[in-house]
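Undergrad: Please build the complex by placing chains B and C on the supplied structure of chain A, with the hints as guidance.
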Amino acid sequence: MTEVVVDVRELRKTFQVTEREEGLAATLRSFVRRHRKDVNAVAGITFRIDAGEVVGFLGPNGAGKTTTLKMLSGLLHPSAGEASVLGYVPWRRENAYLQRMTLLMGNRTQLVWDIPAADSLRVLQEIYRIPEAEFQGTVKELTELLELEELVHKPVRNLSLGERMKVEFAAGLIHSPRVAFLDEPTIGLDVSMQVRIRRFVAEYNRRTGATILLTSHYMDDVVALCKRVIVIHRGRLLYDGPLADLAERMAPYKVITATLHDGAAASTDLDAYGTVVSREEGRVTLRVDRQVAPERTARLVNDLRERLADISVEDPPIEEVIDRVFTSEQTTVSA
Amino acid sequence: MIRYARLLRLFFRTELQYELEYRLNLILEILQTVVVTATSVGAVLVLFSYTTVLNGWDLGAMLVLLGCFYLVQGFGELVLQPSFEKFMEHVRLGTLDFALLKPASAQFLVTLRHFQVVALAQMALGAIVVAVGLGRIPSVGAFEAIGFPIALVCGFALIYALLLALSTFAFWFVRVDNLMALYWSFMDAGRFPVDVYPGWLRVTLSSAVPIGVAVTVPAQMIAGRLDAIGLGFLVVGSATAFYLASRFWRLGLRSYTGASA
Amino acid sequence: MISTYRALLVAQIQSAAQYRVQSILWMLFSVIRPVIFLAAWVAVANSQGGQIGAYDVRDFAAYYIALSLVSNLATSWNAYEFEFEVRMGRLSPKLLRPLHPIHYSVVENLVWKLTTIIPLSIVLVFIALTFDARFRTTPTHLLLFVPSVLLAGSLAFLSGWVLATLAFWTTRVHAVSTFWDRAAFIFAGQIAPLALLPGPLQAISLALPFGYILGVPAEILRGGVSVTTALELMVGQVFWVVVFYVAFQRVWRVGVRQYSAVGA
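Protein chains in written order, with the working numbering: chain A, 1 to 335; chain B, 1 to 261; chain C, 1 to 264.
Derived from the structure by calculation, the hints contain no laboratory data. Keep in mind the model is a prediction, meaning the values are calculated, not measured. Glycine residues also receive a C-beta, built at the ideal position from the N, C-alpha and C atoms. Just to be clear, a hint being listed does not mean it is correct.
Unchecked claim - The calculated SDA-like cross-link candidates involving lysine to any residue, where the alpha carbons are at most 25 Å apart (straight line), are:
#1 A/Lys37 x B/Arg254
#2 B/Lys102 x A/Gln125
#3 A/Lys140 x B/Leu10
#4 B/Lys86 x B/Arg9
#5 B/Lys86 x C/Arg172
#6 B/Lys102 x A/Arg100
#7 B/Lys102 x A/Glu82
#8 B/Lys102 x A/Glu126
#9 B/Lys86 x B/Glu21
#10 A/Lys227 x A/Val4
#11 C/Lys113 x B/Met180
#12 A/Lys37 x B/Arg23
#13 B/Lys102 x A/Arg178
#14 B/Lys102 x A/Arg129
#15 C/Lys113 x C/Leu96
#16 B/Lys86 x B/Arg23
#17 A/Lys37 x B/Arg92
#18 B/Lys86 x A/Gln110
#19 B/Lys102 x B/Phe242
#20 B/Lys86 x C/Phe84
#21 C/Lys94 x C/Gln258
#22 B/Lys102 x A/Gln110
#23 B/Lys102 x A/Ile130
#24 B/Lys102 x A/Asn205
#25 A/Lys154 x B/Glu19
#26 A/Lys37 x A/Arg234
#27 A/Lys140 x A/Glu82
As the list claims (entries may be wrong) - Selected chain A positions facing chain B (in silico; Cβ < 8 Å):
#28 Gln99
#29 Arg122
#30 Glu126
#31 Ile127
Same shape as in the complex, but just chain A:
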């Protein structure tokens, strides 16, 4: 039986936003009477994460992802609901809890700009009270995994964005946390650096068994790292389950791609088989209802025969599925 590391029940965060109009008169008026509006950043979400899982936390901007991560890391008090991480209530901010968790934010740095990261790591060693031997071991392992080598000895301001993110990871994981919240860890990085960060996170999870909850705008991150995803939208939970089932649940269609020999795809009428999405040179892409997909595929192969060079039946790209989820109002689906 696996241990539940993150247990969230009906978590809710309401911000009060003061509305103010432009201009001096309006400013003065607002001193007297403030127009306050409640914004439900997180409107009651419930989920559990087991030890060692890597879970993708998805949602468009403003969905409440960062707010949730901030509550789970103890930076924000919820308005209602309960959460326990490693058995601690995060927002009590007990040292024992802070000692065992980390929050990494891709667009913010905790390193001191003018000094080399190695010095910041020393400071962190002292703050987290890491014994010297353990510290050396962790530094060695992180250096190897992240290919840090000389990076930690250069002033942080001289590092590229990708290099800085690697060092940022080292700083965030120097105390070997049991739970890691990663908020957009690959944002702004080039593709090859994204791949390396991804590889690192996967390997780190495999080696240490740390539980990881990650948000990202790059679906490649999620596909590469997460077997399970939690999707939220407007503060509500839309989906929680295996990534593989997300398409099935959220997008009730398959994509058939047919390549034709004679390059006549442009003229061949295929509307009878499904909705034509795109038509290039020799290739046609069709959208077909999930239930009838096998039957339509069989008919297509049968009808076109030797004109057919290649055919594939796939789930729609994950970006498309996610996009569909967010643009259409759906009710909660839970696996």
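TA: Then chains B and C, alone, in the frame of chain A:
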């Protein structure tokens, strides 16, 4: 406690290493400090070329006061000014979160985190000016000698408390640079004993802005113008100020994390 | 030229409106130091039976109030900004425009003075009442004050720019300007009226430009010098304005050539 002392040493050493890399800069800055201090002493000498005593302070006592002024100001520039500037930047950029995620006092990690090592030169010069002033004072008793460091630490604590309280407003208003700038320019008034100022200015300086107290009282102490009761008041007063400012900071932090909402 | 200035002024006034609070605060800062030294001199005078040289307590008050007003009207601060722009490589776009950067600076300073003069006057009246200031000003003094403060302003402005232009050659303008400011602290009339500076200091302050920036117009405004002396001192002001004008022209020309050669 020991851990925090070790952290403080670590913070300081890191910054020292960094500043030592820019040696020419360091030398120029020390030179500037020397010029600033020398011209301030010059100003006092000009005043004393027309009198032997200013509101009961003779030249020796006045130099002690000026030395204390640079000791207190130097302390402010050594750690408080750089740390509080960074603190406001953290609030603005949202990087304050990282300090709150650490298993250690956030107030400590934020307010004593950054050092401007060159301010040590300022403090050293302040100490020299105090010593020169003391040379003109007949004798310093044991009570004065023990009381002086106590009074000075209380002065530091008062300045710290004030800055902490002022910067706490950053949790609500984000931009409080003007407030801080106001503080630093009031600091200038500490170069003369607080009792030379007319009523309204003295009240502002010594109650709302305890700079007058932070500088004048240690100087009074070593110049033999303060009794045990006065010292007691100072100790209790600065401890209270420190406690209240810390409470206020925690209140600001609670509002920042939404605990009080 | 006039229409250019009018356009610049309008734009600057609009943007200054956003910095109201800041400019009033900075105005207050500029008053703090004169008040500090005023209080010290009052204490010194009181210990000597109320009179130091030609000054009694009320004269000191008038002098330092005049000094605050002059320092607000005559001193300018854009030079530091210029140094920053050079260091950060932000000067190039400004050099591309068909107007010398100094004109932007003139306008910014003018607007700043316009926006702070009223709150400053209120503060100064308040100080005058607290210290019971006595001005010995005659209409002739007032008449002379106008050109004198204009000369002082030009002198401060030009000398500030010469210092800032050093940024073309060195990155350590900050150190240079600290030394300049401290010299001004001693010699310009901040720590004492020029007449009260002990022998050699007084001679130095009138041989160097510092005294002509603050002390001279302040004394003229409070009526502390005779009309003849005032005129003599104003000749000194004219001399230094010419010196710094010529110096600025040369330094600027050579500096810009150097700057574009480096291609920063």
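Undergrad: Hint by hint, note whether the structure agrees.
TA: Against the structure, the hints:
1. A/Lys37 x B/Arg254: OK: A/Lys37 and B/Arg254 at ~21 Å, within 25 Å.
2. B/Lys102 x A/Gln125: holds (11 Å)
3. A/Lys140 x B/Leu10: This hinted pair holds, its Cα atoms lying about 22 Å apart.
4. B/Lys86 x B/Arg9: The hint holds at about 19 Å.
5. B/Lys86 x C/Arg172: holds (24 Å)
6. B/Lys102 x A/Arg100: holds (10 Å)
7. B/Lys102 x A/Glu82: Roughly 22 Å between the alpha carbons, so the hint for B/Lys102 and A/Glu82 holds.
8. B/Lys102 x A/Glu126: Satisfied, since the Cα-Cα distance of roughly 11 Å is no more than 25 Å.
9. B/Lys86 x B/Glu21: Cα-Cα ~21 Å, so holds.
10. A/Lys227 x A/Val4: holds (17 Å)
11. C/Lys113 x B/Met180: Given pair C/Lys113, B/Met180 holds - Cα atoms ~23 Å apart, limit 25 Å.
12. A/Lys37 x B/Arg23: Violated, at roughly 55 Å.
13. B/Lys102 x A/Arg178: holds (15 Å)
14. B/Lys102 x A/Arg129: Holds, because 11 Å separates the two Cα atoms, which is no more than 25 Å.
15. C/Lys113 x C/Leu96: This hinted pair is violated, its Cα atoms lying about 28 Å apart.
16. B/Lys86 x B/Arg23: Status holds; Cα separation ~24 Å.
17. A/Lys37 x B/Arg92: holds (23 Å)
18. B/Lys86 x A/Gln110: Holds, because 12 Å separates the two Cα atoms, which is no more than 25 Å.
19. B/Lys102 x B/Phe242: holds (23 Å)
20. B/Lys86 x C/Phe84: holds (21 Å)
21. C/Lys94 x C/Gln258: The given pair, whose Cα atoms are some 16 Å apart, holds under the 25 Å limit.
22. B/Lys102 x A/Gln110: The hint holds at about 11 Å.
23. B/Lys102 x A/Ile130: Within the cut-off at roughly 13 Å; holds.
24. B/Lys102 x A/Asn205: Holds, because 22 Å separates the two Cα atoms, which is no more than 25 Å.
25. A/Lys154 x B/Glu19: holds (15 Å)
26. A/Lys37 x A/Arg234: holds (16 Å)
27. A/Lys140 x A/Glu82: violated (38 Å)
28. Gln99: At 5 Å from the nearest chain B Cβ, A/Gln99 passes the 8 Å test, so the hint holds.
29. Arg122: Nearest chain B Cβ about 6 Å off; hint holds.
30. Glu126: For A/Glu126, the interface hint holds, since the closest Cβ of chain B sits about 5 Å away, which is under 8 Å.
31. Ile127: holds (5 Å)
Figure legend: structure checked against the earlier numbered hints; hints not met, in rising order: 12, 15, 27.
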